[in-house]
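Make a model of the complete structure from these sequences and hints.
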Amino acid sequence: MKTVFLSGLMALAVSAPPAGAEEAGRWARPWDFPAESEFFRDRLEQPWNHFLLDGQQGFIAGREFYQATGEVSPFLWPSQPYLRFGTDRAWQSDSVPLAVRIQAGNEIGDPLLQELAETETEDNRTPLLLGDVSWAPLAELRLHAGLDQNDHFSYHTVPFRQGLAERGGREDLQWFGDNFPPKSQVNLGGAYTHRGAILAAQYNQGWWWTQSPASGWVYPWEGFNADFLYRTGDDFELSLVEQRWDSPLSQGFYQAHWRRSEIDMGFLGASEGDWVWRLDVGYQRREMVSDSLFQPFLEQTYPTRFRYRQVWNAPDSLPLQMVSTGSMGFRERMIHAQHASEFREKWGPHQARQILKAYYRHPMQGYRTPTESFAEDSSWSAAFHPGQQARGLSGELEYRERRKAFEAGLSGTYAMEWEAPVFALEGLDTVDGALIRRGAYRGSAHLLQNAVARVFAGGNLGGKGFWKTQAGWREFWGKNADSMEFRPSRGWVGGGGGYAFPSDLRLELDAFYLGGKEVRGWGPVFRIPAHFENNLTLEQSLFGDRLKLSLTALHAFGEDIREQPNGNPLRFRILAGMVGTVY
Amino acid sequence: MKRIFLLVCAALGLASPGRGESELLRTLFLEGEGGVAMPQGNLSRHFDPVPEFGLRITSAYYGPLLAHILVHGARLDGPETPAPVWLGAGGVGLEYRPARAWLPAPGIGVSLNYGRVLKADVPAGREFFIEDGETEFGFYPSLRWRIPLGRTWFLTADLKEDLVMTEPKYSRTGAAHLGAGWRLK
Numbered sequence: 001m002k003t004v005f006l007s008g009l010m011a012l013a014v015s016a017p018p019a020g021a022e023e024a025g026r027w028a029r030p031w032d033f034p035a036e037s038e039f040f041r042d043r044l045e046q047p048w049n050h051f052l053l054d055g056q057q058g059f060i061a062g063r064e065f066y067q068a069t070g071e072v073s074p075f076l077w078p079s080q081p082y083l084r085f086g087t088d089r090a091w092q093s094d095s096v097p098l099a100v101r102i103q104a105g106n107e108i109g110d111p112l113l114q115e116l117a118e119t120e121t122e123d124n125r126t127p128l129l130l131g132d133v134s135w136a137p138l139a140e141l142r143l144h145a146g147l148d149q150n151d152h153f154s155y156h157t158v159p160f161r162q163g164l165a166e167r168g169g170r171e172d173l174q175w176f177g178d179n180f181p182p183k184s185q186v187n188l189g190g191a192y193t194h195r196g197a198i199l200a201a202q203y204n205q206g207w208w209w210t211q212s213p214a215s216g217w218v219y220p221w222e223g224f225n226a227d228f229l230y231r232t233g234d235d236f237e238l239s240l241v242e243q244r245w246d247s248p249l250s251q252g253f254y255q256a257h258w259r260r261s262e263i264d265m266g267f268l269g270a271s272e273g274d275w276v277w278r279l280d281v282g283y284q285r286r287e288m289v290s291d292s293l294f295q296p297f298l299e300q301t302y303p304t305r306f307r308y309r310q311v312w313n314a315p316d317s318l319p320l321q322m323v324s325t326g327s328m329g330f331r332e333r334m335i336h337a338q339h340a341s342e343f344r345e346k347w348g349p350h351q352a353r354q355i356l357k358a359y360y361r362h363p364m365q366g367y368r369t370p371t372e373s374f375a376e377d378s379s380w381s382a383a384f385h386p387g388q389q390a391r392g393l394s395g396e397l398e399y400r401e402r403r404k405a406f407e408a409g410l411s412g413t414y415a416m417e418w419e420a421p422v423f424a425l426e427g428l429d430t431v432d433g434a435l436i437r438r439g440a441y442r443g444s445a446h447l448l449q450n451a452v453a454r455v456f457a458g459g460n461l462g463g464k465g466f467w468k469t470q471a472g473w474r475e476f477w478g479k480n481a482d483s484m485e486f487r488p489s490r491g492w493v494g495g496g497g498g499y500a501f502p503s504d505l506r507l508e509l510d511a512f513y514l515g516g517k518e519v520r521g522w523g524p525v526f527r528i529p530a531h532f533e534n535n536l537t538l539e540q541s542l543f544g545d546r547l548k549l550s551l552t553a554l555h556a557f558g559e560d561i562r563e564q565p566n567g568n569p570l571r572f573r574i575l576a577g578m579v580g581t582v583y
Numbered sequence: 584m585k586r587i588f589l590l591v592c593a594a595l596g597l598a599s600p601g602r603g604e605s606e607l608l609r610t611l612f613l614e615g616e617g618g619v620a621m622p623q624g625n626l627s628r629h630f631d632p633v634p635e636f637g638l639r640i641t642s643a644y645y646g647p648l649l650a651h652i653l654v655h656g657a658r659l660d661g662p663e664t665p666a667p668v669w670l671g672a673g674g675v676g677l678e679y680r681p682a683r684a685w686l687p688a689p690g691i692g693v694s695l696n697y698g699r700v701l702k703a704d705v706p707a708g709r710e711f712f713i714e715d716g717e718t719e720f721g722f723y724p725s726l727r728w729r730i731p732l733g734r735t736w737f738l739t740a741d742l743k744e745d746l747v748m749t750e751p752k753y754s755r756t757g758a759a760h761l762g763a764g765w766r767l768k
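Sequence lines, in order, name chains A and B.
In terms of this note's numbering, the first sequence opens at residue 1 and continues consecutively.
In terms of this note's numbering, the second sequence opens at residue 584 and continues consecutively.
Some clues are possibly wrong.
What the hints assert, rightly or not - Every beta carbon over 10 Å from chain A, so not counted as near; a handful from chain B, in silico:
| id | residue |
| --- | --- |
| 1 | G617 |
| 2 | P634 |
| 3 | F636 |
| 4 | A682 |
| 5 | W685 |
| 6 | T735 |
As the list claims (entries may be wrong) - Residues from chain A shown here face chain B by an in silico Cβ test under 10 Å; the list is partial:
| id | residue |
| --- | --- |
| 7 | I108 |
| 8 | N124 |
| 9 | D504 |
| 10 | L551 |
The set of hints was computed from the structure by calculation and includes no laboratory data.
From a predicted model like this one, the values you see are computed outputs, not experimental measurements.
All residues carry an ideal CB built from backbone N, CA and C; glycine is no exception.
Pasting the structure below:
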């Protein structure tokens with residue numbers, strides 16, 4: 001159990017798991033889409049939180065700009081779906097001798113033969129292909145190889161990317177195909193475990209296109225990410241990271257080289273009172289060399305971070321549990337501290353919980369942020385200047401009644417934040433159909449608040465199925481409520497369910513009706529109308545779950561919805577997956 | 584047409600409830616088949632009927648339902664297409680085998696289709712997305728007959744309609760195949 005606490009500490013740095021997660025019913029667990037990739041998971045698990053605004057997920061600025069989740073920034077900008085380009089260590093936890101995973105997807109509506117038969121064809125649609133093999137030839141050795149090429153939600157900027165590539169004289173910015181996909185990489189890795197210690201190394205190489213959240217410009221890169229991990233049981237962890245990305249367009253109008261080197265030593269421990277903690281100390285070197293596009297910089301820091309978690313149970317006579325999590329540290333010349341306390345009470349089927357969270361972040365003098373200066377027009381630039389005293393508070397109250405095969409409840413969440421970043425737009429332009437902008441994200445001088453009320457219910461369908469439903473409403477206050485860049489749906493209602501048939505076929509369906517969303521900072525307010533989001537999955541298990549075949553239809557009903565000025569529509573997509581294991 | 588695809592998915596799901604467990608792989612058949620693929624709709628003006636060949640593995644699934652996976656390949660050409668297309672398809676589906684052997688087995692499946700034209704075949708000055716290969720999902724209803732030849736071998740015949748979910752129009756191809764199969768277990 002201690003190992004579980006320690007390994008989960010990073011993920012728990014901000015938000016504690018839902019009350020009673022260990023014994024949650026099938027309906028209470030997150031939506032399960034066996035055929036979808038990590039890329040879709042974020043979107044599908046909580047579609048009402050699209051744009052990532054939620055007290056549970058981290059605050060508006062926290063998630064988007066200050067890495068409130070405590071994760072390492074893999075590149076110049078904080079995490080976005082397309083910016084998760086580091087190596088993936090998930091395969092190290094495979095426990096079977098051989099695991100094979102393949103996934104193919106497509107945004108329905110490729111012209112294919114119609115391109116030859118019709119003079120006017122639709123856009124070419126974007127595919128996804130993932131595959132990996134994890135093999136343990138020896139009890140102590142595991143090897144991994146994989147391919148990850150993902151074009152999804154990227155077609156809108158294909159002309160932009162093709163234009164840049166042609167000017168740079170390059171045709172081979174992907175392992176296969178011709179779409180210049182945002183991610184095209186191969187992964188290799190190996191892990192040796194002995195007496196509870198693990199020695200692992202992994203490497204990926206390929207091409208990536210990153211899209212700046214500030215300017216909207218997309219940048220091509222080729223290079224590698226490598227990391228090394230040594231962990232001894234529950235006590236010590238050593239991690240090395242090396243990242244080298246170069247702009248591959250040698251004949252292009254700019255050159256840029258990005259390098260990140262990092263060493264981290266993690267000391268893990270436990271104390272009386274059910275405290276578990278982790279102290280990280282290390283060294284980090286980040287260097288951007290660029291002749292025109294980025295402002296070059298070299299930064300060497302000694303990141304440190306202390307994280308803790310305590311689960312306190314009251315004496316048996318009191319049905320109370322308290323979970324405290326938090327962290328404080330210094331990284332990339334930014335001081336941060338955050339703490340969350342969660343109280344859980346249980347009286348038979350009646351369960352209540354209260355959560356209080358707070359954070360504070362302060363960039364030190366010399367804090368460097370990516371600043372883009374466009375080579376084609378030196379008067380254009382896009383930058384990010386975080387607030388000097390960014391801080392926030394949130395609270396949540398929840399009550400649920402849980403019976404053997406049914407639960408229902410309601411919750412309310414409130415969050416407020418000072419110095420949330422707002423984009424100050426100075427100019428807009430269009431390049432190959434894509435909008436680009438100049439200006440800067442700046443920490444606002446005002447307070448932004450939002451509150452959410454939610455009701456939910458779920459239950460079993462016999463012994464083989466489940467259903468769940470929820471509805472919610474959120475409201476925003478403060479001067480920045482009308483200037484925040486991404487404003488998610490105010491209201492939503494929906495539900496779904498699943499059933500496992502005796503033929504080992506599983507069917508899952510969910511559908512939500514979401515209120516309108518808005519995107520600002522790209523000219524006139526970009527309004528996304530209220531719409532349905534829905535998904536249907538079939539999964540067939542074979543050979544006693546050793547082989548699973550799945551088919552998922554994403555957004556199977558409803559109109560196409562474009563959600564961002566430079567985005568691709570949310571539309572009908574199909575993912576086919578296969579997971580095979582030998583044990 | 585999107586709704587039809589979803590109905591196909593629902594049919595694949597709803598066809599299987601019942602009591603007991605999956606019978607997958609309790610019986611297994613390997614079949615080779617060949618026939619003709621006939622482009623239809625707006626494709627018929629551009630592509631001629633062409634030979635099509637494939638392999639199919641069929642298994643018991645649940646009661647009278649059989650499951651199959653298949654691969655098919657053809658080279659589509661015709662008087663008005665700017666370039667011939669290599670088309671491959673993989674599919675997975677179910678068919679209902681009636682008690683009387685002479686009755687056809689109706690079936691339905693979901694396909695993943697891959698098309699490619701060779702750069703050498705593309706006329707000068709033209710450029711197509713499909714030059715580097717394109718994929719799209721589709722589905723296919725079918726009717727199949729099976730004629731036993733002893734305990735192990737059998738002959739097959741089928742009629743199939745492939746619908747690929749392309750834009751601006753769905754791509755439709757009818758096909759008729761004859762084949763021979765062998766019971767593996």
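Outcome of the hint check:
Separation of B/G617 from chain A is adequate, the least Cβ-Cβ distance of about 21 Å exceeding the 10 Å criterion. Look at B/P634: its CB is around 17 Å from the nearest CB on chain A, clear of 10 Å, so calling it non-interface holds up. Under the 10 Å C-beta cut-off, the non-interface status given to B/F636 relative to chain A holds; the minimum distance is some 19 Å. Here B/A682 stays apart from chain A, with its beta-carbon at least about 20 Å from theirs, past the 10 Å limit.
Under the 10 Å C-beta cut-off, the non-interface status given to B/W685 relative to chain A holds; the minimum distance is some 27 Å. For B/T735, the condition that its CB be more than 10 Å from all CB atoms of chain A holds, with the nearest at approximately 24 Å. Checking A/I108 against chain B by beta carbon gives a least distance of about 5 Å; that is within 10 Å, so the hint holds. At a threshold of 10 Å, the smallest CB-CB gap from A/N124 to chain B is about 4 Å, leaving the interface hint in force.
Because the closest C-beta pair between A/D504 and chain B is about 4 Å apart, less than 10 Å, the hint holds. Residue-level restraint check for A/L551 holds (minimum Cβ-Cβ distance to chain B is 6 Å; threshold 10 Å).
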